[in-house]
Structures are given as structure tokens and as C-alpha cells.
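First to last, the protein sequences are chains A and B. Residue numbering for the first sequence follows the numbering used here, starting at 27 and increasing by one per position. Residue numbering for the second sequence follows the numbering used here, starting at 429 and increasing by one per position.
It is worth saying that the hints were derived from the structure and are not from the lab. Just so we're clear, the structure is a prediction, and the values are computed from it rather than from any experiment. There's no promise every hint is true.
Anything over 12 angstroms on all C-beta distances counts as not near chain B; from chain A, calculated [unchecked claim]:
hint	residue
1	Thr-250
2	Ala-255
3	Ala-473
Okay, the calculated bits of chain B under chain A, using three or more residues with CB under 8 angstroms as the criterion [claimed, not checked]:
hint	stretch
4	497-508
5	529-542
6	548-558
Partial chain A-side listing against chain B, Cβ under 10 angstroms, derived [as the list claims (entries may be wrong)]:
hint	residue
7	Pro-382
8	Ile-412
9	Leu-418
10	Pro-430
11	Tyr-433
We put the CB at the ideal spot given by N, CA and C, even for glycine.
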Amino acid sequence: MRKMFLAAGVAALAISAPVASKPGENKGNQSGQSAERQEQQRGGGQKAKANRGGGGQQARAERRGGGQQMRVERSNRGQQARIERSSQMRFAQVERGRQDKARNDNRGRQAEVRQVREKRVERQRNEIRGRDRQVERVAVNRGRDRQVERVFANNGRNAERVRGETVLRVRKDGDRVRVRDFDRFQARFADNRALGLINGCPPGLARKNNGCLPPGQARKLIGTLIPTALRSSFLPDGLRNYWRDDDERYYRYNDGYLYGVNRETNLIASLLPMFGGGYSLGQQFPYQSSAYYMPSYYQPFYQDTADSWYRYNDGYVYAIDPYSGMIDNIIPTYDYGYGVGQMLPTSYSYYNLPYPYRSYYSDNDDYSYRYAPGAIYQVDRDSQLISAVVSLLTGGLGVGQQLPLGYDAYNVPMNYRSQYYDTPDNMYRYSNGYIYQVDPTSRLVTAVIDAIV
Amino acid sequence: MSRSVVGIGLALTLAVLPGCNQAEDSNQAANAAAGDAQAADGTTIASGMARDNKFLAAAKSAGLDATLAGPGPYTVLMPTNAAFDKLPAGTLENLQKPEQKGQLTGLLTYHILPGVVLAEDIGKAIDNAKGKAVLATMGGETVTATKEGDKIVLTDAAGNKANVVKADENRSNGIVHEIDAVLSPAKSG
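From just these sequences and the hints, can you work out the full model?
Below, the structure is given as C-alpha cells:
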């Protein structure tokens, strides 16, 4: 089965034409054991047709060249699932707080313009309304929710990857279920990567003070003498307002790190990464380390695609190009304490707030507002530094998902308590601007009821 | 002054609620009465904290004061000043240094819960869960709530306990419960 699978992939490689402007991929999910299958199409352009079969279940993905729709037929334990998708949307960061819980990046309007790889794509709430008439359900096999997901790139690169997370989501009117299995990821990446040196930094090696400094190495600098060359390496203008030299300490800046140096001893007292934890855009991500798996808290929002893999380190999510290993985008997460006085990566550059919060915060001349999982940030336009955290957000709830740990208590805001109160048949929970209905016996989130803040 | 404020707050609260049912009516009345003598509208969690409030000072260092003045709604488990004083000397000052921002943020977000969780809701959750309810925090970790007699006791990841000393302080963007110890998100305490 697998051989046929791979052969099909090779055939897909041979057939498909390289896509110049709009790469996309077709994601297929197949497992002999799994009852759940899911496919995803991204981007437009010419696509190959991939035939897969196995385990008695057939999946067929068809792509229409030049068209914007993909239709996937698959049977899943007797259930039919049909996906209609717009091929515009890239698989990028998922916007949280969405009513559709669009974990799946692949949702978008037809008219949506395809984003450049570095840009983030907004999830559209109306996708759950009209667009996706897809109804499917996940049947968990024998109580185990282990699935295998395979990614097919139909732009000439067969990035078959199997990843492992046991994330279970039900797709219904725009939601999606996907369960993934982790383990083989590292090996595949090694097979597919294209090695290269960036900025003179060999992969996996740390060289001080020239931008390849991994955070672990950076921490070792604390307590050492500041290099002479750095003593006059003053802060960029924007940073000077936030980090001012004082009697105890002076601040210097180099290659993405802010050094706080003790005046008396000239020893480095603190090291603050200004850009993405010590890694910068265009740098190679140290793939060799195995410690970059995404915490489950973020997994629903950063799902690997054939064009972009997401890794996590020290509070930052890195979007990396699977083939070169280079960092395409850096997404700060609030659990690192990324906040006031720190810089937002330049690619993180457009308004992307979840819908419930948009009425509260819109960009103006002084400030722009940006969202990353965990928080909504207010960014000073001149300095591009975060000037305030205006809202905290949780991991969010997803329709069809289990109610996560910690939502035992009823937490609906006061104004809505008279409408939505717990009964033996229904529970209501609030998260990130939405009120969710939860089934008390199964503890599954069944619907989004209301959007408020 | 406070009485009329409570009265206005009550009237406004009851007036805006559409189709209140009986249970919610009494719930609202109880909450408005039990809460502070502050109107639910207008006072945010941040502005409701006194100037010398240590939690607020810590929040300012972490950049969270704007958050607590934002739309929320949040439930804040606020350690009293006395609770902060119980920490080893210098801990709070150390945490407010720039390089400790990550730690401080983790600590503060561990005290903020999503949505509005009243003491009564915690109590019900404890009962439904047969004695031990788990509450999610904004920081990602969880706090365990139990009951000792009538009082609610919160246990953090390290096993330290805190009692709720004053519950259900109503704010425009959430609720504040005062607790008598600082909770720690780290397992090693």
C-alpha cells in the first residue's frame, strides 16, 4: 500500500508542472486504520492528480487546473465527505477566536487573493457559513485517536510528511478534523532538506555575535565580559526610548540581541532577543535539534503544510521552509513574555485581529494592532515596538473538540448569563470572544453560540 | 454615595438583562450586592486596583495593565499586598526587572482566568467534579480548586495553596477575587 502510495507520489512529481506564482499543496490523510480522512488544497495553479488507495478506503483528489476549487471525494466508513475549497488561501497562521475554528488553513473565499509566503492569511469567518458545505465527522478508531497525515505537494515537490500530534477536530461547516501522528517527521525533513549556509552559519553551529546565535548559546553569554567591539554598538533609534542606560546598566545591541551590561564590571547581565529568540528571517533553523515540537497549546494554530513547517522554541513559533530550512517567519507567543518594549518581526505586518476584537482595536496613526496566539499587541508605528498588550487570549475552544482541561467552571460573562446558563442538557463556556455550547456528557464543544467580547 | 451607586448599578444591571429568569435575577442581585460598591459599568479591573496595589505594579512592569483595562472579560485571582509580602524578600523587585519579564508574565497570567467565573461557579464546578475542579488560566497552566468547608481553596502547580478571602468584586471587564497567597505556575514552586 505504501509503495503504491509513494509511486503515486512520484508520478505526481513527474506529472505536475512547477508552479511559478501560486504553489499549493494537497494534503491527504490516509490510514489503513483511521476512519478519518482529510484533504486540503492550497493555492491555485496546475495540480496533479493523486490517486491513493489503501486499507479498503479510497481517496481521490482532483484538481482542476486554473480552477479555484478542489473537490475531494472520500468515503470514510460509509460516510461521504466532500470538500469544496477555495484554493486561494495559503496555509499560514490560523486566526484564533474564529467561530469556525478554522484550524485548517485551507479555508478561504474565492475572491481572496493569495498571499505571499511571508504574509499571514486571515481566516474569514464567513467561510463557515457559505463556503464549506463539508460535513464530516471523525470516527475515532478503537478509542485511539492516532492518525497519519500525509502531505502532498503538487507543485513538484513531494513532501510527504507524517507528523505526530493527536489533535482531533471535527469539521463541520467549516471546521475540520485532523488527527496527526508525529513520529517520522525528523527523518523526512532530513530527506528533503536542501542544505545551505546562511550568513556564514553552518547548520547547528553557533557563532557568536554574527546572527547565528541560538538562544541556548546566547544564555551562556550572560555573566561574561562584553566584547570590546560591542561596547559601542548602540541601540537603534527605536529601541532607545525603551531601553535607557542608567547608573547600573547600559544597553547595547547586536544582531538581534539586546545586551544589558553591568556598568561596573562590564559583564553581560542580560540578553534579550529582539527578533524571534535569536533567529532571524532568512536564517537557517537548526533542524537537527529534536526539541522543536510545538506545544499542544499552539498546535491547532500552526499546522505544517508542504510549504511551511512550524517549529517552536523559547516562546517563538518559526515558520520554516521545508526545503532549505530557512526561517520564513517568526511569530511571537506570549508565554515567553514577549511584550512591551520588544520588536515585532517586520513580516508580521498586517492587521489580523480575531473578529470579536476588531471593533475595539483598529489601526490608527499612532498604533497598529497585531495578534499572535496568547495576546493582542499594540505596536507603536514609529518604532515598531510593542507598546502594550491590550488583550490576553487563551488557546481557544474548537467546535467538535473535547472541552480542554480547565473549563470546569461556568465562565460566561455577566451580560450573557441570563441567556446562556448551564442545564443538564447544555453547558456554555466562554473563550476569546465567543460563547460555546458544550455537551455535558461527552464534553464535546458542539457549537459556537455567540460572538461577544 | 455608595448606596446609591449600588442602587444605580443594580437597576442598570437588571434593566439591561433581557428576559431574566428567576434564578438569574436572584443571582444577579446577589452578585451586585455582594460585589464591591462599584458600579459594574465604568470601573475596569485595572482602574479598580488601588495605587499601591502590588499586583497592579507587577502588571505594569509586564505590560499587562493595558490588558486589565481592556475589554476582557477576565477573572483575576488577585493576591493581596500581604500575599506578596509573604514571598521571599526581593522576589517581586527582581521579577520586575526587564530580563525577568518572561517569568513575571508567566506568573501574572497564571492569575488571570478567561471569562467571568464567580465564586459560586467555582463551587458548582467543584461539586460537579466531586471535589476538585480544574480552572484554565491565560498563561496556559491550570489551577485546581477545592472546598474546605465553605471556603474555596486554590492549589497551584507546585502544590501551594491560597484561600479566596474576598470574592466577586464586580468590574466592567470582569471579576476580581482576592486571594491570600501568590500562586506559582512552575511545578517546582
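Consistency of the hints with the structure:
1. For Thr-250 (chain A), the condition that its CB be more than 12 angstroms from all CB atoms of chain B holds, with the nearest at approximately 15 angstroms.
2. Every CB of chain B lies more than 12 angstroms from the CB of Ala-255 (chain A), the least distance being 22 angstroms, so the non-interface label holds.
3. For Ala-473 (chain A), the non-interface assignment is confirmed: its Cβ lies about 17 angstroms from the closest Cβ of chain B, beyond the 12 angstroms cut-off.
4. Using a Cβ-Cβ cut-off of 8 angstroms, 6 residues of the stretch 497-508 of chain B lie near chain A, which meets the minimum of three, so the contact claim holds.
5. Check on the stretch 529-542 of chain B: 10 of its residues sit with their Cβ under 8 angstroms from a Cβ of chain A, so the three-residue criterion for coverage holds.
6. Counting residues of the stretch 548-558 of chain B whose C-beta sits closer than 8 angstroms to any C-beta of chain A gives 6, which meets the bar of three, so the coverage hint holds.
7. For Pro-382 (chain A), the interface hint holds, the least distance from its beta-carbon to any beta-carbon of chain B being 9 angstroms, beneath 10 angstroms.
8. Hint status for Ile-412 (chain A): holds, given a least beta-carbon distance of 7 angstroms to chain B, under 10 angstroms.
9. Proximity of Leu-418 (chain A) to chain B holds as hinted, the smallest CB-CB distance being about 4 angstroms (cut-off 10 angstroms).
10. The interface hint given for Pro-430 (chain A) holds, since its Cβ lies 7 angstroms from the closest Cβ of chain B, which is under the 10 angstroms cut-off.
11. The interface hint given for Tyr-433 (chain A) holds, since its Cβ lies 6 angstroms from the closest Cβ of chain B, which is under the 10 angstroms cut-off.
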